Structures are given as structure tokens and as C-alpha cells.
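*Asks:* Heads up: the protein sequence lines correspond to chains A and B, in order. Quick note: the first sequence uses our numbering, first residue 11, plus one each step. Quick note: the second sequence uses our numbering, first residue 11, plus one each step.
Among these hints, one or two may not hold up.
One copy or two, it doesn't matter: identical chains are merged, so the pair holds either way.
Said to hold, decoys possible - List time: in silico SDA-like cross-link candidates among lysine to any residue, alpha-carbon distance up to 25 Å: (1) Lys-306 x Phe-265; (2) Lys-159 x Thr-141; (3) Lys-306 x Ile-319; (4) Lys-256 x Thr-141; (5) Lys-310 x Thr-229; (6) Lys-158 x Pro-76; (7) Lys-159 x Tyr-212; (8) Lys-158 x Lys-343.
These aren't lab readings, by the way, just hints derived from the structure by calculation. Computed from a predicted structure; not experimentally measured.
There are 2 protein chains.
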Amino acid sequence: MKKTKLSDIGEFGLIDLLTKDISIKNKSTVYGVGDDAAVINNSDKQTVVSTDILTEGVHFDLIYTPLKHLGYKAVVVNLSDLYAMNATPRQITVSIAVSGKFSVEAIEELYQGINLACDVYGVDLVGGDTTSSFSGLIISITAIGEAKKEDLVFRNGAKDTDLICVSGDLGSAYFGLQILEREKKVFEKDYNSQPDLSTYSYIIERQLKPEARKDILETLKINKIKPTAMIDISDGLSSELLHICKQSETGCKIFEDKIPIDHSSTIASDELNISQITAALNGGEDYELLFTVPLKDFDKIKGLKDIYIIGHITDEKNGKNIILRNGETVELKAQGWNNIKN
Amino acid sequence: MKKTKLSDIGEFGLIDLLTKDISIKNKSTVYGVGDDAAVINNSDKQTVVSTDILTEGVHFDLIYTPLKHLGYKAVVVNLSDLYAMNATPRQITVSIAVSGKFSVEAIEELYQGINLACDVYGVDLVGGDTTSSFSGLIISITAIGEAKKEDLVFRNGAKDTDLICVSGDLGSAYFGLQILEREKKVFEKDYNSQPDLSTYSYIIERQLKPEARKDILETLKINKIKPTAMIDISDGLSSELLHICKQSETGCKIFEDKIPIDHSSTIASDELNISQITAALNGGEDYELLFTVPLKDFDKIKGLKDIYIIGHITDEKNGKNIILRNGETVELKAQGWNNIKN
């Protein structure tokens, strides 16, 4: 029997493989695998469902992640998927598996964060499962939301000349992680070290306690702008933009100097000697929104708070490119850590 | 800071603790934590959601569990929760975390089982997440179904004099597990052993590849019987019946000689020297339905295929009891392995 290692085909390869034979059987299943969330038609409003699983040692390191922050983040990353559909989250289910090393108080702390996120985003925790594991903590959350059919935004609606926009700033969560990893190494050598991380508080918070951009959707709604395509940035700008282009069958052109990067990220970039554009393109975990709007909406969208136009959609044959500050055109690649020099 | 071990308060204690502060904020959240599934009101039909997480070494042992069976079972245990609400499953989301020891082919095999269950039960796989873990395989599934509001059956509707019914037979999955565990020990001593398990094929299948009792709900519907309370038997009859009694604020009286036990379980019981009634009460994983019906439905329900009346609901002050074959009255306890002698 043939044995292919998971690493040989990668996560997306595996997903493609596992989902290729799925066929939709129910009329109520409007949209299944392949976007940020699934859509289920229940009469006049559509039910929108998304799920994520977080495992200790892979998604989080409890050495520097407070459990309350972890619970908050675990919810937020799921809600972010629903917002990226232009849906309103209403309920979540939470399943956890925990090893014997966790105390009741530790799990309570985790749920404090979960409940706080539920309060902040107006979501009900409606179910779940709690079990043991032989291997640390695993958190699986399913978020359920609703949207009018005509309000939903998928990944596949981008058109040639559409403006490409992002919210907030990019790369911060990645730099926050690098700082935390650096301090962990210091701590492991000297348990008495008390690092002053106040300079990095913004980027560390971006890593440990991100927010979902509910406010951006409200801004768009107030300004009567409906994105043609949208996705949340969990894996880095490159990867997400390539998803939109692939599913919309388009190309894209973005500009390095338009990509919003926070001042703290620039400082961390210099200190850690990691290119800030590389972090923005490939760092991930920013949970900002990436979306496209018709060119005709330019006047409506320009100058809106915390929304940045970083480029535009092109015909597919023009490729997917970023124009660097020096004028050089570089092809966008997912997880392309080596294709852009510092 | 106080440190309470998880084992000190148990799973139900932990759930109570974690859910006590939850308040419902959305009108669409009809029923949240506290039953087999959550209910979300989307216009004329209600959306019903349930979730489970399965971890290697806790819920399954890959030494004797074929991955295809595991995938099938992981889906079935979730659907069983929806059927226990008298709802119709329509969609599932599947999240898995896998360690490097699994090949692509192994994960495909798992999904073959998942897809087979989807086909058998007419359910669409509409989303999920795939990630790595440092610790074997974790499967988290959320099942989503629909029901007319008036068809839903909760745990809290049982009334004094209601008949207590179960489907199928009880204890088989537990005996199947004991046989598998026994053969594993033999195998670990002698890798060339080739056990003949044909005598146990029924109980082993009950453990490895259970079914959800969709057919029982169809039978009840055809015969115009609506249960007053219902739950699926995942933790053993005792535990589930105590859930119904607690939430319905009733007592119960069941009879040992009425509890359906398959002949293969009786054989395994003798061989393993484990009481069959203990296995039925506390073994778990049978995924049969436990439900109550009004006494007036006695003529309608008696003699229905694969449905057994095992006792009746009583006033709360009468307690929760089982009458043994010898006439002795014993209080029902959850996970009470020692309170009934062989």
C-alpha cells in the first residue's frame, strides 16, 4: 500500500483530497466545503456555520499564553470566519479535550475568556463536549451565524478592476509571536528573568488576544458598500489573496507601500531582522479582513477609518503580483518565505 | 490559588461549573446548553446542533479500531444526539488533528468511514478544519439538523406514570469492548495470535460500528407516538435515565427482567464474569434511544419491533430504582459499578 506523508501534500492538498468526492444531497445545503463557512438555508435567513480546532504545541504555547486569552482567541478566530461571510455570529459550540495536568481552575480560566468573547460579540454558547486527552489541551469550536441570502459574501466574486482592501494592519501578530518566542528562550535559560515587554504590548496583544473585525462590516454597511469577495486573514495576506484569485478566477496586483503596517511592527522588524513585508504577506493570525469592492465604490471607500486600498484585481492572465517599493514585480506565493528579500 | 483536580468534580460537575453563568442573548437561541443538542430558531423550522470530540487513547484504540469504522462511528455518535431530539440531521462539520504518525492513506480511510455514514444517513459534510497535533488523532464533529418546533423532544418532559422505553439491546457495545481489550492483551504477548472472533462478531460490531436509531423515530412517527422525553444511551442506561429524571423532576422504576440484552452479550457475560445487567446499566456506547411515552399510548407501543417497555416514571419522592430479578429494589446510580452484584 502506498504511503504518502501528510507533509508531502500539505494541508490544502489534504483538504482537496478529502473533499473532492463530497456531493450535496440536501436542498438546505446552499454552500458546503470551500469557503470560510458553510451556508444552510432555513427559510428567510441563512444559517452560517464555521469550525476550527486548536491544539496545544501547534496553535498555542501555554508557556506564554494565558488561558483566558486563549479562550477568547479560540472564539474570535471562529467568529472572524463568519464575519468574512458578511454574516452575524449568533451561537457557538465548544468542545475541549484536556489532559490531567490541567486543574479545574485552569479550565475555568479558559472559559472565562470564552465567555468574555461571547459577551463582547453578542454570541451564545449553546453546546459542546468536554473530555480527557493524553496530550495537553485541544479546543474545537463551531460558530453559527445568520445572514440574509443577498448579504452573503463569498471568496469567488472578485472581478477585474475591483479594488483590493484590507482592514487594520498586517504582520503584527507574527511579530508578537516572535517576541514571545524570543523571551521564552531567555526564560528557559534564566527563570528569574523579568522581561520588560511594554514596548511590544500592541503586537503581543495582537498575537494573544486578537479581535474579529465586526466594526469593519458595520462601517461598510453604513456606507452602502458590499464587497464582491471577502476572506479573513488567518494564514497571511498572500495565501488569502491567492484563495480569492483562485476561486474568482482572476489575477491581482498589490503594492508593498500600500500595505498597512503598524509602527511597533516596524520596530520589531528592525530588532528581529525579519522583513516587515514578509511578515505581512506570510505571517498570519492577524484576523483582519481582506475584501474586494467594485472600482465604482472608490469614492465611498477611500478614507474610511482603518480600511486600506492595497491594489486591484486583474485579469487572470496577468498573474498574481506584488509591486515592491523599489518597483520590482514579484509573484505572490503562499508561505513563500524566501521569495522576498529583507 | 485553589487547585481542584478534574477528577474531583467529574465531567458533569465540570460541565455544570462551566455552564452555570451562561445567559441566552439571542431570540433565535431557543435551547442552549443542557440537552443532547442546541436549538436555533430559523423561521418555520428549527436548526438543531450537536457536537462531540473523540481523542485517541480515550475514546478509541487504534490497535483494534479500523480507521474507516472510527470515521463512521464518529459521525454516528453525533447524529444519535440529533435523533434523540427527534430532529433530522442534515449537515456535519468535521475537524481533525493528527500527528505525524498518520499517512495520507490512513486519513483517507478515516474519511471513507465519515463519508459512508453521511451517505447512509443522508447528511452533507459542509465544513471543517484539519490540523496537526503532537499526540495522535483527535476528531471533533458538529452535527446540524432540523425539526419542526412541535416535534422536538427534550429530556425534561417525562411525567409520572409515563412508560420508560428503550430500543435495541443494551450492554453489547461494552462487552464488545471487553473482548477487544482481552484480545489486545493476548496479541501483545504473541504477535502471531490469530483469534477467532466470529462468536463475538455482533457485540464487536456494536462497539466498533454502531448505528443511530433513525428507524425507531420513523416507527414512532408512523404509529403517531411522540415521546415525552428522550435521550440517546451513550453513557449507560443508569446515567441517561437519571438525566431524564433530574431534568423532568421525577423518579423512576425499571425492571431488570425487562431490559433487552442480546444472547451474545449473555455469552460474553458468562465468559468474562461481568454481570450483564451492570453492563447494560453502566457500560455505555450502545447509542440506543431511551424515551418515555404517556401511559395512554401503551396499546400503540406494545409489540413494536425493537422497542421495549422497561418500567415507568414515578413521582420524584419515590426515588430512582431498579427492581432486580430476585425482587430486590436497588437505587439507580450513574457509573455505579459496585452497587449491583453479579
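*Asks:* Among all the numbered hints in the text so far, which are the ones the structure does not match?
*Replies:* 2, 6, 7, 8
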